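Engineer: The lines below spell out each chain.
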Amino acid sequence: MFRKIVAHTSGLQFLMEDLDLRSPMGRRCLLDSKMMCCKNEIATELNLVDQLVQILDLNSDLIFKIQNKLMHCRDIRGSVNNLLGNLVLDDVELFEIKVFALLAQEIVELQKEEKQSFLEIQDLSELIRLLDPQNTKIPSFYIYDNYSEELAEARKELKLAKSKNGDSDFEIEALFSKSQAIEAKVREDLCSKISLHGAGLANALQQLAHLDLLIAKAVQAKKWNFSKATVSEGNTIYRGLFNPMIKNELANQNKDYQAIDIELESSVCVITGANMAGKTVVLKTLALCQYLFQFGFFVPAASAQISIVDQVMISVGDEQSELNGLSSFASEMLNVSRMVKDSKSHKNVLVLIDELARTTNPVEGLAIVNAVADIFYEGKIRSVITTHYSGLKSKFRKLRVKGLDKDLGANVITHKNINSYMDYSLVEDLEGEVPHEALRIASLLGIDKEIIDRAQNQLASKNKL
Amino acid sequence: MPFLNDIDKYSSLSIVGLEKNTGKTECLNYVLSRLRDSRKQIALTSIGIDGENRDQVTQTNKPEIELSEGMIFVTSELHYKQRKLISEVIDVSRQSTSLGRLVSAKALTKGKVLLSGPVSNHSIKELIADLKNKGVELCIVDGALSRKSIGSPAVTEAMILATGAALSANITQLVYKTKYVYDLIQLPEIEMKLKTQLSEVDNGIWAIDSEGKFQDTGISSVLLIQKEKDKLFQHGNCFFVSGAVTDQFLDFLKNQKQISEIKLIVRDFTRVFASPETYYAFVKRGGRMQVLNKTNLLAITINPVSPDGYRLNSDELKNALQEKVNVPVYDIKKL
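Keeping their order, the protein sequence lines are chains A and B.
One point on numbering: in this note's numbering, the residue at position 1 of the first sequence is 1, and numbering is uninterrupted.
One point on numbering: in this note's numbering, the residue at position 223 of the second sequence is 223, and numbering is uninterrupted.
Honestly, the hints are just simulated from the structure, not real lab data.
Since the model is a prediction, treat every value here as computed from it, not as a measurement.
Each hint should be verified, as a subset may be incorrect.
A few chain B residues that face chain A, going by a derived Cβ cut-off under 10 Å, partial list only [to be verified]:
| no. | residue |
| --- | --- |
| 1 | G70 |
| 2 | K84 |
| 3 | K110 |
| 4 | L184 |
| 5 | L187 |
| 6 | D268 |
We put the beta carbon where it would ideally sit given N, CA and C, even for glycine.
The following block holds chain B by itself, in its conformation from the complex (with noise of 0.2 Å):
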């Protein structure tokens, strides 16, 4: 059983698709499969919408996820309403979402249902609290890594990345990529007392000074940038950054001369948009990037097919990836 006897460590899991149809869903119908003989009560939701019957944007087909008995599922009413299974209503919350307000209910039959979930990080952090004051063991989170939500899957204690052909059908390129967005997920977190601090700033670009003081250098954002560079050092060289980091903003910190001393602290590996030749040459001058939320990654998993047919060499693929990676790497079809 591959990756699972870590997942006990952990009470809440995100799975997340580096592209669409990289085999996320089957990733998490075989995590779920697994998990079926565990006695742990396991409820399951997702950011934003997704578990969608076809594919929204390439119309391909796409598994739905199974629950067997006794699951515990949140989706918006809308989607509850399609389930194919027999389910008990045990909460509706409070707030509604753009598809209604989210129904939390446990599986009496097994079936297949549509999941979609909170929006906000906040949001999804209530949500799992809430779930393990209902006795929930195990929250696994279906994580779309999309740049258009505001809820990240770096939130979960532990993370599970589906990558595949459909993200670059070269496989030296889709290494690469993988690599990059594992480096990402492997930026060290920041010591807890800062990260207190941190929690509460929500907009901005903050300079830590060097008695450790917060210090607001009154940029708003890091898209404004280039009208206000000469803000951004007079509170020393460390920062933290709330709100995305663009690649005209790590670029122009890459090219400042005291490069060596620049500390860059964003929210989680999310948060950074950067292309991964201009993070790869500001961390090869020296400057260095730490994150406010780490979650542990357990594996990768690979889907060598891509949405249009293409076939990728597993084995090449996948003992590509595992040379540069330290997790280990599945074949999505073969498990």
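In isolation and in its complexed conformation, chain A is listed as follows (with noise of 0.2 Å):
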């Protein structure tokens, strides 16, 4: 479910807070949709996104309506479901329910109107008739008179014996009682002649809260320039993708985010490069993509083919682990081995892993990358693993990204602008040797020049030998 997954995907997080949601309801349908794993579905949904960004283009103007309508619209769950527990309902409730059927018409004619219509929503209107005797249609409610003719002399009755002051307290309160008794029953039978418009009600809230979020979901995709991704039979293709939220961070930054693309066959595929190069990313953005899809929202990419999954794996070792005694090998390799198993279980899975065993030393480090992803080769499971490690077995596939590789010119080169002088774009490897970059990216990071001196001692002195 979204509300379990958004907790630690990230960035998934960053971009729920940007759904423009209107409704309570949109954003209870958004938490409680459920990873969608069949093709049609995702396919349906992603349609009535599309349909609805081009209605962006074409008629902003109905959006505008439709979501003002839906501002004003309350989660009414609870009322409809006391409706279909057959039970009455007090004044407060029945106005719950008169001004959601309101709005909810509203947007029906508004729909109409512009004869655009992109969910079925139920016909209120003989709800609202009985809600609303005198057509007025103003949001208020309490037992009209109308409902009983009974009820309406009752009622006279006791007004005419309040604007005689010579009345007694005890003949008025006669009187109120009377026309509560008369109310009562006038209120039962309008509750068992509306509950039978419960499940069309129900019916309404459903589809009003998904209208909510399909346009919360286009305007999100039109804003960051998000794309319709189709459903792939074999390779995730992805071209031009970014990660949203980085993206964000550095326009606030006044920098520009480097779009890379990238293709996942059903097998392992290792990505190496230099620190700071932006791998961790990659995954993250990979993982976040693959979600984004299967809960029917359009990609930051600039044109995808994904293929479905049934589960997204991804161990990127920033979870805490000191709290349960465990140290970051252990709490990583518990994790790996886990995602080992799970994917031997089911196939389908995309598996990203960053660094892999790189809490370690490097001889085993080294053994333990070769062995997962020789797993996942065999097992052609769908998997990506980051790492810094040299001599990895020829048969995997490997991306490097590309570093710093660009003309720098004069220019010198600090963390405050290796954004611009990183590429960060993925090519395909295939001598397997890992770039040294280390010592450069840290001095860059103005570390502590002693620390770098010695270092490169450390290692000229190695290399003589």
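Dock the two chains into a complex; use the hints.
Structural biologist: The structure is reproduced here in structure tokens:
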């Protein structure tokens, strides 16, 4: 469910907060939505979003009007449940139902006027007629005199008694109870009549929530230049992939985000590259896009074909483990072990592991990377592992971040402008030799010069041997 | 029609009792009865719970609030169900209070209701603004001057104060205590520019230095003053205290040698919890106090009868109080 996934997926929370949801039920609809794994389901949802994106272009006024109505909608789930449970509702609940029904009907009318219909919303005019016997369309409610002549009569009597100051309180009390008793009966009748519309009301509530969500998705897609991905039966292919949260942050600093292209086969793929080359961001963005796609959102890419998976598993090593009494290595290993086990039981998964076995010695670390990659290779598991280790088996597909390849000219790189000189694009790498740029990056970050010098001496003496 | 012509100028009015049984509800009913013939759309609400049939504390009878046809009232769901009139729901709040959501309704017949309302300053302000949008011309708030409530009646433009024998059975004492509250209500308001800036602040003690800049003294509450006295004067002698001003704090300020330069800004008169003795000593030595929100006091009503049956001489009380204050004083029982 979205509610669970949003908590531990980087970037998803950001996009959820960015969504322009107008009604409380729209938000609930999103949080309760399930990850879709059926091709048709995803395609239908994406088509609806697409339809709204187009209407936003052609007739944004209509969307604006609908959003305005949605803003006034309350989540009346409680009252609807009471109605479906055949309970007698009080004035406040009936008021809520009436206001909701009026708004829903107005949205239906708006769609009709503009000859645009995105979602079938139940016609509630019969229900409105029941709750608005005076046909005023004003959002207010009480048990109207029109419901029963007997009630009208009793109220008239009460009013008369009140205006005559001579009558005792006792008498007025008696008249008031009498009108209350009639009112209770009228209310019962009314509730049993409108309970026939309970299912329709529940449907309209659901549809409006969905409409709110669809509009929010479309607005977001337009704002960020997201695109509609298509379902792929084979490789997952992204062109111009970007991470919206980081792009936003960079834009705030007047910097550009370099979008990348990536293609994932149904096998293992190892990404290498210098530090600060954006490997972790690639992994996080891949996880984010997979979720966005399967929750029916457009994705942050120029174009995308995405293969549906049953589950996304990611290890980026920022989990807190001290509290469990585990070292960072232990907690990573347990996590990876679970991923391997899960991927064996159902194959259609996306596994993303950042810098596998980085917290142990390079000799055994490399062995672990090779072992895990081998399992994924043989099992044809769609997976991406990033690493700094050289000496990976040549049969694995490897991608390398280009890194600091751009022509520097006379410019001096610092950690502040490194972003402009780093080439983040991924290239197929046949050699398997990882770039040795750690010291260079470290010195750019302005770390203590003594550390760099000593490390360089160390390397030089080793090379001599 | 005493003090009612003044009401015309304002769009919100609170009626505040200095103590339980000082005749606040009677005063409210009086105001409502006099407004009955005006063509204004009137709305009525309360801060916290009020309008119980019987007084929750002393178990004495309390007059109920009588609405006339066409008035709007705001109360909690629970109290809405107990209303003794026919009314039409026109709105339900999104936020909930301990007694359920707040229901706004229009009375279709006259009759009695129990009132309860929003608890915080912010939500009262919001409610008043919302009612104005609905076409309400005068919003009356039944305001308890409770030390427990965070909502303050000072958010309304105008106010009527109810005092009486329930506060003290001794006329001199009663006048003294009432005059004290009167003096606090009359504290001058700070200038507009400062007001907008200070409205944002919601905790701690802030200093305003000689250049008019805000400086956080780093003291988060007046209650911690004993331990952090040294920090207080680092940015000068003008302070804004967002929360309560205690007796201890005012006493501490009063004893400083630069007392004549000290200026203290409080949110509104309900935030001063100091005893009258300390306050007057503070002022006498040259200390100054100002408020962020000032309300216009229209009148003071007196109830010479205390809940335990004690009865003060109405005229004597009225004259004694009238001598001290610059607003009209009325006996609620004689109106």
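Engineer: Against the structure shown, which of the earlier numbered hints fail to hold, in ascending order?
Structural biologist: 1, 4, 5 and 6
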